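Asks: Each chain, written out:
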Amino acid sequence: QVQLVQSGAEVKKPGASVKVSCKASGYTFTSYHMHWVRQAPGQGLQWMGRINPSGGSTVYAQKFQGRVTMTRDTSTSTVYMELSSLRSEDTAVYYCARLSDYYDSSGYYGWLDPWGQGTLVTVSS
Amino acid sequence: QSVLTQPPSASGTPGQRVTISCSGSRSNIGSNTVNWYQQLPGTAPKLLIYSNNQWPSGVPDRVSGSKSGTSASLAISGLQSEDEADYYCAAWDDSLNGWVFGGGTKLTVL
Chain A
0 QVQLVQSGAE
10 VKKPGASVKV
20 SCKASGYTFT
30 SYHMHWVRQA
40 PGQGLQWMGR
50 INPSGGSTVY
60 AQKFQGRVTM
70 TRDTSTSTVY
80 MELSSLRSED
90 TAVYYCARLS
100 DYYDSSGYYG
110 WLDPWGQGTL
120 VTVSS
Chain B
223 QSVLTQPPSA
233 SGTPGQRVTI
243 SCSGSRSNIG
253 SNTVNWYQQL
263 PGTAPKLLIY
273 SNNQWPSGVP
283 DRVSGSKSGT
293 SASLAISGLQ
303 SEDEADYYCA
313 AWDDSLNGWV
323 FGGGTKLTVL
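Heads up: the sequence lines are chains A and B, in that order. Using our numbering, read the first sequence as starting at 0 and increasing by one per residue. Using our numbering, read the second sequence as starting at 223 and increasing by one per residue.
It is possible that some hints are incorrect.
[Claimed, not checked] As a list, the in silico DSSO-like pairs of lysine-lysine whose alpha-carbon atoms are at most 30 angstroms apart: (1) A:Lys12 with B:Lys289; (2) A:Lys11 with B:Lys289; (3) A:Lys22 with A:Lys62; (4) B:Lys268 with B:Lys328; (5) B:Lys268 with B:Lys289; (6) B:Lys328 with B:Lys289; (7) B:Lys289 with A:Lys62; (8) A:Lys11 with A:Lys22; (9) B:Lys268 with A:Lys18; (10) A:Lys22 with B:Lys289; (11) A:Lys12 with A:Lys62; (12) A:Lys11 with A:Lys62; (13) A:Lys62 with A:Lys18; (14) A:Lys22 with A:Lys12; (15) B:Lys289 with A:Lys18.
Quick caveat, the hints were computed from the structure, so don't treat them as lab data. None of the values given here were measured: they were computed from a predicted structure.
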């Protein structure tokens, strides 16, 4: 079955960087874009960006431009999300999620499924 | 401040029907399909409804979704205690070129 397994929790100091991994299995890794979404404690969901595992192209949300880098390793079917210059407001659970989508005469249809189990990143001095 | 607007809370008694609304704009719900996610405490979001009104495998048909114009809604009938969770709507936004989400609705089964 399709599964996304993320790396474990991290504790970082302000100003540091964190790199979270997401290992995919159960499908052809290069056939689906991977997206990253984060959730601060007690808050809603916030889209960070996506990577195309086939060619490595990326699109980042404006809020994270310049601080986030998404990469992939096709040999291990793993995508990575690195966030730099961490501040306390970056404390959140970070999720990877696979995109399924298609177009037809009515327009674009897309959805994120499945999601990884989440990685808690705590930024504290 | 979320791009899509949901009520922060909803409630119902076992067996009742509840609906959760989601309001957006022309660039998101008005132009693209809506998905709904269920998030149980301490777990990752789970796809509940996709493409406005489609069920992923394993989701019971007492859950349904609809969309009209720039708004969407999720309905859960025959409410059960295990439905107690947070629910999020989501849509692709053509102006932001990214996914936007509602702020989430906490459903309580009384």
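Asks: Compare the structure with each hint and give your call.
Replies: Hints, verified against the model:
no., hint, in the structure
1, A:Lys12 with B:Lys289, "violated, 44 angstroms"
2, A:Lys11 with B:Lys289, "violated, 42 angstroms"
3, A:Lys22 with A:Lys62, "holds, 25 angstroms"
4, B:Lys268 with B:Lys328, "holds, 15 angstroms"
5, B:Lys268 with B:Lys289, "holds, 20 angstroms"
6, B:Lys328 with B:Lys289, "holds, 20 angstroms"
7, B:Lys289 with A:Lys62, "holds, 29 angstroms"
8, A:Lys11 with A:Lys22, "holds, 22 angstroms"
9, B:Lys268 with A:Lys18, "holds, 24 angstroms"
10, A:Lys22 with B:Lys289, "violated, 34 angstroms"
11, A:Lys12 with A:Lys62, "holds, 21 angstroms"
12, A:Lys11 with A:Lys62, "holds, 20 angstroms"
13, A:Lys62 with A:Lys18, "holds, 18 angstroms"
14, A:Lys22 with A:Lys12, "holds, 26 angstroms"
15, B:Lys289 with A:Lys18, "violated, 38 angstroms"
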